[in-house]
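First to last, the protein sequences are chains A and B.
With the first letter of the first sequence counted as 1, position 24 gets the number 24 in my numbering; the numbers rise by one all the way through.
With the first letter of the second sequence counted as 1, position 309 gets the number 390 in my numbering; the numbers rise by one all the way through.
Keep in mind that the hints are not guaranteed to be accurate.
Claimed, not checked - Cross-link-like lysine to aspartate or glutamate pairs, in silico, EDC-like; alpha carbons within 20 Å at most:
hint, chain 1, residue 1, chain 2, residue 2
1, B, K107, B, D85
2, A, K42, B, E637
3, B, K483, A, D54
4, B, K409, A, E46
Hint data in this document are derived by calculation from the structure and do not stem from the laboratory.
Predicted model, so just to flag it, every value in this text is computed and none were measured.
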Amino acid sequence: MVQVRLGGTLQSYSGGQAAFEIEAANIGQMLTALGEACPRLKPLLEQGVAVAVDGAIYRGSLLQPLPPQAEVFILPRLAGG
Amino acid sequence: MPLDQTARTPFTKVGTRPLRPDGVDKVTGRARFGADMNAPGMLIGKILRSPHAHARIRSIDASAAEALPGVKAVVTRDDFADRNDEFRDVLVNVMARDKALYDGHAVAAIAATSAVVARKALALIKVDYEVLPHVTDVEKAMRSDAPLIQESLITAGLDPAATKPSNVAARHQFGHGDVEAGFAAANVVIERSFRTEATHQGYIEPHACLASVSSDGHGELWVCTQGHFMVRDTCATLLGMDISKLRVTASEIGGGFGGKTTVFIEPVALALSRKAGRPVKLVMSRSEVFRASGPTSSTSIRVKMGVSKDGRFTAGEAELKYQGGAFKGSPVDLGAMTSFACYDVENVKVVGYDVLTNRPKQAAYRAPGAPMAAFAVEGVVNELAQRLNMDPLELRLKNAVKEGTRSAFGPTFGPIGLIETLKAAKAHPHYSVPLGPNQGRGVACGFWFNFGGQTCVSLNVNIDGTVALAVGTPDIGGSRASMCLMAAEELGIEYDRVRTVVADTSSLGYNDVTDGSRVTFASGMATIKAARETVKKLCQRAAAIWGIPEDAVVWEEGHARPAGPNAGAFPPLSLREIAAMAPKTGGPIAGHCEFNAENAGPSFAAHIVDVDVDHETGRTTILRYTIAQDAGKAVHPSYVEGQFQGGAAQGVGWALNEEYIYGADGRLQNPGFLDYRIPVASDLPMIDTVIVEVPNPGHPYGVRGVGETSIVPPLAAIANAVSAATGIRFTELPMSPPKVLRAIEERRMKLAAE
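Start from the sequences and build out the full structure, keeping to the hints where you can.
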């Protein structure tokens, strides 16, 4: 079980709910479960988001394992120059 | 790939400063940039651009142009199939459809036998425009009575969801805690409003490409870009080609800084070539670069911060409005996330608005969105330090984030080096040098995330024991030298026995764009992995030659050596010797890596700058500039320092002179380097650097990206210095001489009146 937290903007798609407890072994499973728990979020999650796992930011690794009790943050898709 | 736990220190190659492999070609003129490519039968392409900031295109009549002798192809919106996916904005920006959305928007293009004919033909194209009201200012674009740029745009990120169209593409929010409680607990609260103007990346080489599409539908493209795989995929998609039928080769690149991470002219050149059946070269003029490539956003920002009397920040609040041109996607979300990223603040609220205007679609510019936010926040931090009578670096140290701090944008930081960076700046002799009259010192710090991304490299051992390394990330900052160093380090051979090239898209797997300060981190890690795979194969080959088990061979200082009690006594085999025997011992030896690099590890910087402000002219002279920044591990220190210095140099221009100036007609007034002033060598002192090394746990050597963080603090550091030199708080960029002089004179008059 991991605790998934949403930034303020994403909360506007989750009815204000800031955190979810989700059973998932990796980032992809977590995003799928989050989209099912909150259908308004699903299109945004499918467009692409960044996921911070215990402070490390992942931009494209759906198969990245999530350690039990990991701190997971959903962030907007990130880009650099 | 985690930090190597077995100490590799001292490194023998990494950390040294050899000459860059592309250096001689660049200083002798032999290097081939985008416009240097030619092909037999080549045509010249030119683009017709809208003179209007906002206009409906009723019709385009190119019949007279097509009839001109020498014209071989004309393309307009009708030559690109419309689409309704994530590529639509790119398509519409490449070639206007129902409306021209900004001054300079492409409307049609010609391929002709000469530039003279192409220019004549452009003048013969008749475009029937219905000129519409326009808006180029971010605040005005947000008003309810502003002309709508995209009539069906609904603001994202609102709860309840928006129902009426507007020019606000999205609202973003980040933060935690209770800012009102935080401000109530503060002893000092300061709130200020700031504005910054749009600036261009100012790369010296304009966008340029040569396209050639054959009659069987196969295409080749030579192009100046930060990401030729991105160019291939985007162009193939827009033109309806199979990706495998388009081969893209990246030229040398005369600067990018984020501005070459998308396409502008490339799909047009391919469409012209496909229609004409001949190669087409398309090169932007400098005016086109300014009018129709991607500058960064102009902004309007409000910041409010509270601090206790002992110097702890109690709350931080910011509202950011960034215009990103005529399309959604300004970097305001990144500005919002980075605003307070340097500080451990219990109560934070940042709201950002992504706003459309009738300006060219913004493109990434080095740490996109962060410098403007830092300009505002770091300005307020300096004022708070003044009010507390506290050293500004000490105030930052008291509040600096460290490992375990929850960031203002959400996640908890891992190992980071802000405190080490601030301490390095504070300890630098520069910080205690006395200042003269009309001189001021400013400091600021900055943060950038850094990214990894999809990466693929191939490392081949040649018959003479030299190594050919193919990477897929265009070299915009000396990265080929760093790749050679890392390969040489792993293989135990000399630096100049490794040659790194940027391979074309048909020679390697997909590589993400060179952006996000990712190349030395990600391509470097891929190089290390490929080299370690190569070492394993070299050891296997030596074991086979010796007839001993593979695990009885170790690789030390460029040699395979037998190791262990039953390995036998064989003289070591060098890489060169194993390579020479390769054809008869199993064939070529190579290592490869394809992966998605993650966990790049952020970088922080602290800048100190001294300025002299001429009170008669308003001109600011940069007297001294020092940068301390965390590089994790500097692979090639000279090029790390170059990245530090380059960011500061661009920041000097952004702070003091550079700005997009639009007239009341919505047309850009200064599309050239005479009227858009970037810093030249005589504007800058030698910029001093301190490389801080707090290892990134996500890289075997501890490398962090360094290319972007260096442009985050300068706007604020220079504004703080000019404010200190004049006693006037400057909150708008650029602080150009007329603006500074006006402020000085207004204060003189005010003092005289009192």
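Hints versus structure:
Note on K107 of chain B and D85 of chain B: the hinted pairing is violated, with a Cα-Cα distance of about 35 Å set against a maximum of 20 Å. Distance restraint check for K42 of chain A and E637 of chain B: the Cα-Cα separation of roughly 52 Å exceeds the 20 Å cut-off, and the hinted pair is therefore not satisfied. With a CA separation close to 14 Å, the supplied pair K483 of chain B and D54 of chain A stays within the 20 Å bound. Proposed proximity of K409 of chain B and E46 of chain A is supported: the alpha carbons are some 18 Å apart, at most 20 Å.
The structure is inconsistent with the numbered hints 1 and 2, although it conforms to all the rest.
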